[in-house]
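Chain A is fixed; fit chain B onto it per the hints.
This is what each chain is made of:
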Amino acid sequence: MPIFNLVRRGAYHDSVTLMRLSRDMEAVPGVTRAAAMMGTPQNRALLRDAGLLAADGDAAGPTDLVMTVIADDAHAAQLAWAAADAALARRSDAGPTTTRPRSLTRALDEFPDATLALISVPGPYAAAEATKALHAGLHVMLFSDNVSLADEITLKRLARERHLFVMGPDCGTAILGGVPLGFANAVPRGRIGLAAASGTGLQAVSCHLAAAGEGVSHAIGLGGRDLSDDVGGLMLEPALALLAADPDTTVVCVLGKAPGPTTSKKIRGWLERLGKPWVAHFTGDSDLNSAPTLEDAALAAVAVARGARHTAREFTLPETEIARVVAEAGAGLKASRRFVRGVYAGGTLAQEAAALLRVRVGDSGVGHHITDLGDDAHTVGRPHPMIDGTVRREWITREAEDPATAVILLDVVLGYGAHPDPAGELLPAIAAARTRGVTVIASVCGTETDPQGLSRQADALRRAGVVVMPSNAQAARIAARITEKRS
Amino acid sequence: MTAPLLAAPRVVNVGLPLFADELAKIGVPVVGVDWRPPAGGDARLAALLARLEPRRAEIAVANQRAFDILVNGEPVLVDCRPAREALELPDRVVLHAGPPLDFHRASPPMRAAILCAIRYEGWAANDDAAAEMVMSGAVKLDPCHHHRAVGPMAGVTTASMPVFVVENRAHGNRAHCTINEGLGKVLRYGANDASVIAKLNWLATEAGPLFGAALRLSGGIELRPLMAQAFRMGDEMHQRNVAASSLFVRAVMPWITRVADRHHAVARLAEFLAPHDQFFLNLAMAASKSMADPANGIVGSTIVTTMARNGTEFGIRVSGLGERWFVAPVEMPVGLYFPGYGPEDANPDLGDSAITETVGLGGGAMAVSPAVARFLGAGGMAEALAVTAEIREICHADHPHFRIATLDERGTPAGIDVRAVVETGITPLINTGIASKVAGVGQVGAGVARAPLGCFTKALEALAGA
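In the order they appear, the protein sequences are chains A and B.
Its first residue numbered -12, the first sequence is counted upward by one per residue in our numbering.
Its first residue numbered 594, the second sequence is counted upward by one per residue in our numbering.
Hint data in this document are derived by calculation from the structure and do not stem from the laboratory.
Watch out, some of these pointers could steer you wrong.
Claimed, not checked - DEER-style ranges, computed between Cβ atoms:
| id | chain 1 | residue 1 | chain 2 | residue 2 | range |
| --- | --- | --- | --- | --- | --- |
| 1 | A | D274 | B | A601 | 32 to 38 Å |
| 2 | A | L145 | B | P936 | 50 to 56 Å |
| 3 | A | V353 | B | I619 | 28 to 34 Å |
| 4 | A | A295 | B | D627 | 49 to 55 Å |
| 5 | A | D350 | B | I619 | 37 to 43 Å |
| 6 | B | D627 | A | P248 | 41 to 47 Å |
Stated by the list, open to error - Looking from chain B toward chain A, a few residues come up when the C-beta cut is under 7 Å (computed):
| id | residue |
| --- | --- |
| 7 | N606 |
| 8 | G608 |
| 9 | E615 |
| 10 | D627 |
| 11 | E667 |
| 12 | K792 |
| 13 | E986 |
| 14 | T1017 |
Only a predicted model underlies this, so the values are computations on that prediction, with no experimental measurement involved.
Ideal Cβ placement from N, Cα and C applies to all residues, glycine included.
Excised from the complex, chain A in its bound form:
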């Protein structure tokens, strides 16, 4: 069989490395024997005696690497040399050193097969990091808020050019291939695909799906402004295309705030051409809505998946139970206490409650108030209220001290990334509010398999005298009913 010698001039490797190369080359099909040695006279003599030396190799010097192969043909020899080069280029898998890379660029050197950058740096720096990630071919989940609209549009256009995805900015959650990103709940994998311009909306719907025995194929976050006319659904369009083509997805559920009028028309077109059954819910109101609340959106999707129909109901609890809660809340409450005060961590949940109470989030005139403490304005330089309840406790206390407050309305959001005991964190403030005669109503957005456990959190709230409702919409509605008779 022919001998093939390859000489690499001036390429020094130590003998242990070279012995490993010999082994790697011999493993190539079609190769009978192989050796890699520095071309010293002694080594050349060894190779000659072993019948491995050709003319090229014989001309090598002591500082030259000789890679010699006995093989069926030149092609096999080429493969052997390629295997040797690959072995030389290979890095140890002993794992990274203890120091963490200091930049995205460096991290990619260490982890070249990364597919997604999860970016949560302060807003002013976030667009630059996202740009780097897109140029490096990564999808981006942009958790950061306080990113300008202009930057968002630039990023999303760049992403579309590169067939990549930007989820965000201000995208709190996503579930891709069963992997929860950011604040996400432990929901089973299933057949319902979500595209959401709403973080807690996505969380709430996925939890209601889990409670109904269904699961999520993928949940794509879009960022709260994606459906505005400024951004025009730059990410919703490809998200719908992906879900339409995804074999695991049988029903598509679209969530967000009410889209801009131009975008609304576009969305209708995209949904009509989707080719799969869909459910849409836009908090506030929209002529696209096929479900009035987040809970209904989830239950409608479940019904469609099962070939059934969903009928929206005001409450899922028996009317007698609702009447009892309303009566209890009213008893012993001073006549001056007439209004609902929502103190929220989840933006979409706050929007939903405000819509049901016919107010706007953040308005602080006479009447019901709904405050979203997860909003940009409240998170500059402070942790998000899902991570740290300090600010929420202060707001609960402040609202309870207001002599016009009848009901404090809360959301308690569980899941990965959230505080390990979000209900427990709020209990001192809740107890103080209760002593003033204020009724506290909450809903828990979570699943039994979440790290915090849905029923553990709900039970803790109930023990503290909180009325725990099965959904945010029902919580808002019962709060409205309690105060209706008073105002």
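Positioned in the frame of chain A, the structure of chain B alone reads:
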């Protein structure tokens, strides 16, 4: 190929460590970036960095070209002959280390070395006359780097001094460096008495010609494989050169014995070389410069191609910015001192030897020489690994030839990127000898010094067109 969005992702987490921790807990592959605001939160510098972002792809291509040239040079030691011939260096010119230097601002050891070299050449009889010649312009000062040369510490080089000639066979360019004088009282550390001149005379009349004849006969000694081997033997080739010096003696001695016609001359040379652990430094420097020079002048590249100190200022040159120097006041070295000396005796950082760090040797290669890491503090393997990992943050990629045995043959970080230096605030770490700040004393210790950030921010301004 773009990875599909709808699949389990492999995540780089930039920001809240919480998210990376949650993913790691459920077994998702994730790397967390130890993110900090770029340029230490300096808005002006961050804006300059951002101005380069739209050019990222072009810069990456330019940097890869510069990097490939920088790491794939083939330095071959071909000759040793007087600077007059090798550099075409005229009389009455004194080359010195670092960026251009005004004699009035020169540090005492640098001044002493310059004046000593003028006396050695016989252009002046004493230091006062020599100083007068410099001041009047009768003797001209010029950086080694402007003459295809480098010099350790003071780097003082004049026409009669023999220089090693290293040819980069991948590009055909040459670089030069004087013969290392050994330890003790030596010109490069600013010693300037009669014994210094006697040693210089011996190098010029006996050692230099012997090396020259031997190297010409040999047809050239390839330095890259020798250096790669020394690297595995624990030399980072700036502070520690014992393996490289030994390997070099092994390579050169057979040729020396062939060309020598006087037995005593060979014996003197052998005696000079035998204990001389740092002999190879000058060869490593010439080899480094021969590899770095062709990497300069690549349009758009942000890779550093020169780092050098003159005892007053630290200067860098950048591939995409050509021959222009970017300078900042040089820093004080920190390290360990010979008996009887301490930090108060130290001169500011000095020498062209930072050319070794420019190509991936020296400080950034600390992981090959854990012993050298002891100059930093507690020292040892962990510290050495941490230094190399830190320098990797500011380098383009891993060196394909200079591989680190203790990192499972991973290459030393090479190709310092100006952007990464400014972004991270990590400046190159230079392994160095420490000269006395008093003229005539010589070396008082050894340690490390940081390159000042100012050089890099000025270069960034130029790159961003500010």
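For each hint, the structure was consulted:
Range check, D274 (chain A) to A601 (chain B): about 37 Å between beta-carbon atoms, so the 32 to 38 Å window is met. In this structure the supplied range 50 to 56 Å holds for L145 (chain A) paired with P936 (chain B), their Cβ-Cβ distance being about 52 Å. Distance hint check for V353 (chain A) and I619 (chain B): the Cβ-Cβ separation is about 47 Å, which falls outside the suggested range of 28 to 34 Å. In this structure, A295 (chain A) and D627 (chain B) meet the distance hint of 49 to 55 Å, their C-beta atoms being roughly 51 Å apart.
The given range of 37 to 43 Å is respected by D350 (chain A) and I619 (chain B), whose C-beta atoms sit roughly 40 Å from each other. Between D627 (chain B) and P248 (chain A) the CB atoms are about 45 Å apart, so this pair conforms to the stated range of 41 to 47 Å. Taken as an interface hint, N606 (chain B) checks out: its beta carbon lies about 5 Å from the nearest beta carbon of chain A, inside 7 Å. The closest approach between the C-beta of G608 (chain B) and any C-beta of chain A is roughly 3 Å, which is under the 7 Å cut-off, so the hint is satisfied.
Annotation: interface hint on E615 (chain B) holds; nearest CB of chain A at approximately 4 Å, less than 7 Å. Of the supplied interface hints, the one on D627 (chain B) holds, with its beta-carbon coming within about 4 Å of a beta-carbon of chain A, less than 7 Å. Below 7 Å, beta-carbon pairs count as interface contacts, and E667 (chain B) has one with chain A at about 6 Å; its hint therefore holds. Taking 7 Å as the C-beta contact cut-off toward chain A, the hint placing K792 (chain B) at the interface is violated, the least distance being around 32 Å.
Residue-level restraint check for E986 (chain B) holds (minimum Cβ-Cβ distance to chain A is 5 Å; threshold 7 Å). Interface hint at T1017 (chain B): satisfied, since its Cβ lies 5 Å from the closest Cβ of chain A, which is below the 7 Å cut-off.
In this structure, the earlier hints numbered 3, 12 are contradicted, and the remaining ones agree with it.
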